[in-house]
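Using the sequences plus the hints, can you model the full thing?
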Amino acid sequence: WRHDAEEYIAFLASHSINAVRLPLSAPLVNEPSFQITNNDCGPRYRGWETLAILDDVVAKLRTAGIFVTFGMHTLSKPAHNQGSWTDVPNGEQQLFEAWEKVALRYCSSAPNA
1 WRHDAEEYIA
11 FLASHSINAV
21 RLPLSAPLVN
31 EPSFQITNND
41 CGPRYRGWET
51 LAILDDVVAK
61 LRTAGIFVTF
71 GMHTLSKPAH
81 NQGSWTDVPN
91 GEQQLFEAWE
101 KVALRYCSSA
111 PNA
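Under my numbering, the residues of the sequence shown are numbered 1 to 113, in order.
Keep in mind that the hints are not guaranteed to be accurate.
[Stated by the list, open to error] Heads up, simulated EDC-like pairs for lysine to aspartate or glutamate below, C-alpha to C-alpha not over 20 Å straight-line: (1) Lys60 - Glu7; (2) Lys60 - Glu49; (3) Lys60 - Asp4; (4) Lys101 - Asp55; (5) Lys60 - Asp40; (6) Lys101 - Asp56; (7) Lys101 - Glu49; (8) Lys101 - Glu31; (9) Lys60 - Glu6.
[Stated by the list, open to error] Pair ranges (Cβ atoms, derived): (10) Glu92 - Ser14: 33 to 43 Å; (11) Pro32 - Ala103: 13 to 23 Å; (12) Ile17 - Arg105: 17 to 27 Å; (13) Pro32 - Phe96: 17 to 27 Å; (14) Asn39 - Ala13: 20 to 30 Å; (15) Asn90 - His15: 39 to 49 Å; (16) Gln93 - Gly71: 14 to 24 Å; (17) His3 - Arg62: 11 to 21 Å; (18) Leu104 - Ile66: 17 to 27 Å; (19) Gly71 - Glu31: 17 to 27 Å; (20) Phe34 - Ala59: 15 to 25 Å.
Hints listed in this document are in silico derivations from the structure and should not be mistaken for laboratory results.
Virtual Cβ for every residue (Gly too), placed ideally from N, Cα, C.
Here it is in structure tokens:
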């Protein structure tokens, strides 16, 4: 929240970083996108929908020539991991749904897709 996405991406590019991993939360991916009403994502993204922010960051990384890989980091929210996905009720289904949504949203924009 102290630096905007452009600053981080410029830093990555200036240090020849060519790939990043973006950790995601399955429940936040699966739920309808919601509006950010505070500055937790920086002032630029205040009022934006959550998935629109992700779209913007992924597009900026791609423009900078930085490859994006996603990781389904947690099955709980806001970010308190509950251990293994096998310990979460319907954990496997949540994972499948989240990965499907991410794949449908971003795989068509991958190089050579």
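Consistency of the hints with the structure:
no.: 1; hint: Lys60 - Glu7; result: holds, 11 Å
no.: 2; hint: Lys60 - Glu49; result: holds, 17 Å
no.: 3; hint: Lys60 - Asp4; result: holds, 12 Å
no.: 4; hint: Lys101 - Asp55; result: holds, 13 Å
no.: 5; hint: Lys60 - Asp40; result: holds, 19 Å
no.: 6; hint: Lys101 - Asp56; result: holds, 16 Å
no.: 7; hint: Lys101 - Glu49; result: holds, 16 Å
no.: 8; hint: Lys101 - Glu31; result: holds, 10 Å
no.: 9; hint: Lys60 - Glu6; result: holds, 8 Å
no.: 10; hint: Glu92 - Ser14: 33 to 43 Å; result: holds, 41 Å
no.: 11; hint: Pro32 - Ala103: 13 to 23 Å; result: holds, 18 Å
no.: 12; hint: Ile17 - Arg105: 17 to 27 Å; result: holds, 23 Å
no.: 13; hint: Pro32 - Phe96: 17 to 27 Å; result: holds, 18 Å
no.: 14; hint: Asn39 - Ala13: 20 to 30 Å; result: holds, 25 Å
no.: 15; hint: Asn90 - His15: 39 to 49 Å; result: holds, 41 Å
no.: 16; hint: Gln93 - Gly71: 14 to 24 Å; result: holds, 19 Å
no.: 17; hint: His3 - Arg62: 11 to 21 Å; result: holds, 20 Å
no.: 18; hint: Leu104 - Ile66: 17 to 27 Å; result: holds, 22 Å
no.: 19; hint: Gly71 - Glu31: 17 to 27 Å; result: holds, 18 Å
no.: 20; hint: Phe34 - Ala59: 15 to 25 Å; result: holds, 20 Å
The structure meets every hint from the earlier list without exception.
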